[in-house]
Each structure stands twice: as C-alpha cells, then as structure tokens.
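Enquirer: Sequence:
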Amino acid sequence: MNIKEKENNSSKDLLTQGESILKKLVMKSRGSIEYAMVVSPEGLSLFHFLPRDVDPDSLSAATIAMVGALMSALGILGKSNYSRLDVELGDGSHIIFSPLNDYVLVISTSKSPNLGLIYLMIDHFVEKLSQLIKEKL
Numbered sequence: 201m202n203i204k205e206k207e208n209n210s211s212k213d214l215l216t217q218g219e220s221i222l223k224k225l226v227m228k229s230r231g232s233i234e235y236a237m238v239v240s241p242e243g244l245s246l247f248h249f250l251p252r253d254v255d256p257d258s259l260s261a262a263t264i265a266m267v268g269a270l271m272s273a274l275g276i277l278g279k280s281n282y283s284r285l286d287v288e289l290g291d292g293s294h295i296i297f298s299p300l301n302d303y304v305l306v307i308s309t310s311k312s313p314n315l316g317l318i319y320l321m322i323d324h325f326v327e328k329l330s331q332l333i334k335e336k337l
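Numbered according to my numbering, the sequence shown spans residues 201 to 337.
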C-alpha cells in the first residue's frame, strides 16, 4: 500500500468514526439533539450527522465566521477562550457551538431541551471527538 492509499484510507476511517460518534450523540439524546457536525478551522465540514436539507458546507462556513467574530470580540475584551456558545432560537430550540481545539462541534437541539443533560453529553462527546481528531489528523 503506497502513501496516497494510506492517507485515503486514514481519511475514510476518520470520516466513518467521526460520523459514528456524532450519530451516537444524536441517538443517545433521545430526541433532544437533532443534528451535529464538526467544522474545521478552514470552515469545512469534517464530518456530520445532518438532515438532507441542511447544506454542510454553508453551515460550516457560517459557523467559522461566527466563531471568528466571537474570538475577535473576546480579544477586544481581553479574554482568550470560550467553552460553549449557546444560541437560543425563537422557537425554544438551541444551536450550541463547542470548541474542539481548532475545530468546532455544532449541535442543534429540539424545542425546550434539557440543557443540563445536553451539556453533559456534549462534554462527554467533545472528549471522544477531540481524541479522534488528535489521533487521525
């Protein structure tokens, strides 16, 4: 197996494992989390578990733009990091952004979710995703 084939297999393995972790996160939430994705620092979807009508590339680009604006604002305030950005939408659902080193985990919840449970789940799965990214990239 040459280097290019190994790299191709490694990226397929990362994609498969990442999507499997996100699927488990969504399934274990019992309907509280509707979808999840991991976005690269370049604004690309690394892997996702999204409904068909959501464009991962557009969501990834918008995510990185928002995180960039947040980091700029934090810099102005003399702060350097965030642990979670939770945006409550008008219908009571949430979009939650959690850092994974240079990557970002994006979660969309159902209406009026149990945020305590979701935050615990996110913390648990952030560890798994961070480890996967560190090992594979």
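Quick caveat, the hints were computed from the structure, so don't treat them as lab data. It is possible that some hints are incorrect.
[To be verified] With a cut-off of at most 30 Å between alpha-carbon atoms, the simulated DSBU-like pairs for lysine-lysine come out as follows:
(1) K224 to K311
(2) K311 to K228
(3) K223 to K279
(4) K336 to K212
(5) K212 to K279
(6) K336 to K223
(7) K223 to K334
(8) K228 to K334
(9) K224 to K334
(10) K212 to K311
(11) K334 to K311
(12) K223 to K212
(13) K223 to K328
(14) K279 to K328
(15) K328 to K212
(16) K336 to K224
(17) K328 to K228
(18) K224 to K328
(19) K279 to K228
(20) K212 to K228
(21) K212 to K224
[Said to hold, decoys possible] Using C-beta positions, here's what the derived DEER-type ranges look like:
(22) R230 to A265: 27 to 33 Å
(23) D323 to A261: 23 to 29 Å
(24) S258 to K223: 18 to 24 Å
(25) L277 to D253: 17 to 23 Å
(26) R230 to E288: 35 to 41 Å
(27) L270 to T216: 26 to 32 Å
(28) K336 to G275: 15 to 21 Å
(29) S272 to E327: 26 to 32 Å
(30) K228 to K311: 14 to 20 Å
(31) G278 to S312: 21 to 27 Å
(32) L285 to K328: 18 to 24 Å
(33) S280 to S258: 26 to 32 Å
(34) N281 to S258: 32 to 38 Å
(35) K279 to S220: 16 to 22 Å
Being a predicted model, the structure only gives us computed values, none of them experimental. Just so it is clear, CB atoms sit at the ideal spot from N, CA and C, and this is done for glycine as well.
Enquirer: Now tell me, hint by hint, if it's right for this structure.
Expert: Each hint, compared with the structure:
1. K224 to K311: 20 Å, holds
2. K311 to K228: Between K311 and K228 the Cα gap is close to 17 Å, so the pair holds against 30 Å.
3. K223 to K279: Answer violated: K223 to K279 is near 33 Å, above 30 Å.
4. K336 to K212: 10 Å, holds
5. K212 to K279: 37 Å, violated
6. K336 to K223: Given pair K336, K223 holds - Cα atoms ~19 Å apart, limit 30 Å.
7. K223 to K334: 20 Å, holds
8. K228 to K334: 24 Å, holds
9. K224 to K334: 20 Å, holds
10. K212 to K311: 34 Å, violated
11. K334 to K311: 33 Å, violated
12. K223 to K212: 16 Å, holds
13. K223 to K328: 13 Å, holds
14. K279 to K328: 26 Å, holds
15. K328 to K212: 18 Å, holds
16. K336 to K224: Holds - the C-alpha atoms of K224 and K336 are around 19 Å apart, at most 30 Å.
17. K328 to K228: 14 Å, holds
18. K224 to K328: It holds: about 11 Å lies between the C-alpha atoms, which stays within 30 Å.
19. K279 to K228: 34 Å, violated
20. K212 to K228: Judged against 30 Å, a Cα distance of about 24 Å means the pair holds.
21. K212 to K224: 18 Å, holds
22. R230 to A265: 27 to 33 Å: 32 Å, holds
23. D323 to A261: 23 to 29 Å: Once the Cβ atoms are compared, 26 Å apart, the range 23 to 29 Å for A261 and D323 holds.
24. S258 to K223: 18 to 24 Å: 21 Å, holds
25. L277 to D253: 17 to 23 Å: Once the Cβ atoms are compared, 37 Å apart, the range 17 to 23 Å for D253 and L277 is violated.
26. R230 to E288: 35 to 41 Å: 20 Å, violated
27. L270 to T216: 26 to 32 Å: Since the Cβ atoms of L270 and T216 sit about 31 Å apart, the hinted range of 26 to 32 Å holds.
28. K336 to G275: 15 to 21 Å: Since K336 and G275 have Cβ atoms about 30 Å apart, the given range 15 to 21 Å is violated.
29. S272 to E327: 26 to 32 Å: For E327 against S272, whose Cβ atoms are near 28 Å apart, the range 26 to 32 Å holds.
30. K228 to K311: 14 to 20 Å: At roughly 19 Å between Cβ atoms, K311 and K228 fall inside 14 to 20 Å, so the hint holds.
31. G278 to S312: 21 to 27 Å: 35 Å, violated
32. L285 to K328: 18 to 24 Å: For L285 and K328 the Cβ distance comes to about 20 Å; the hint holds.
33. S280 to S258: 26 to 32 Å: 29 Å, holds
34. N281 to S258: 32 to 38 Å: At roughly 26 Å between Cβ atoms, S258 and N281 fall outside 32 to 38 Å, so the hint is violated.
35. K279 to S220: 16 to 22 Å: 35 Å, violated
Checked against the numbered hints above, the structure breaks hints 3, 5, 10, 11, 19, 25, 26, 28, 31, 34 and 35 and satisfies the rest.
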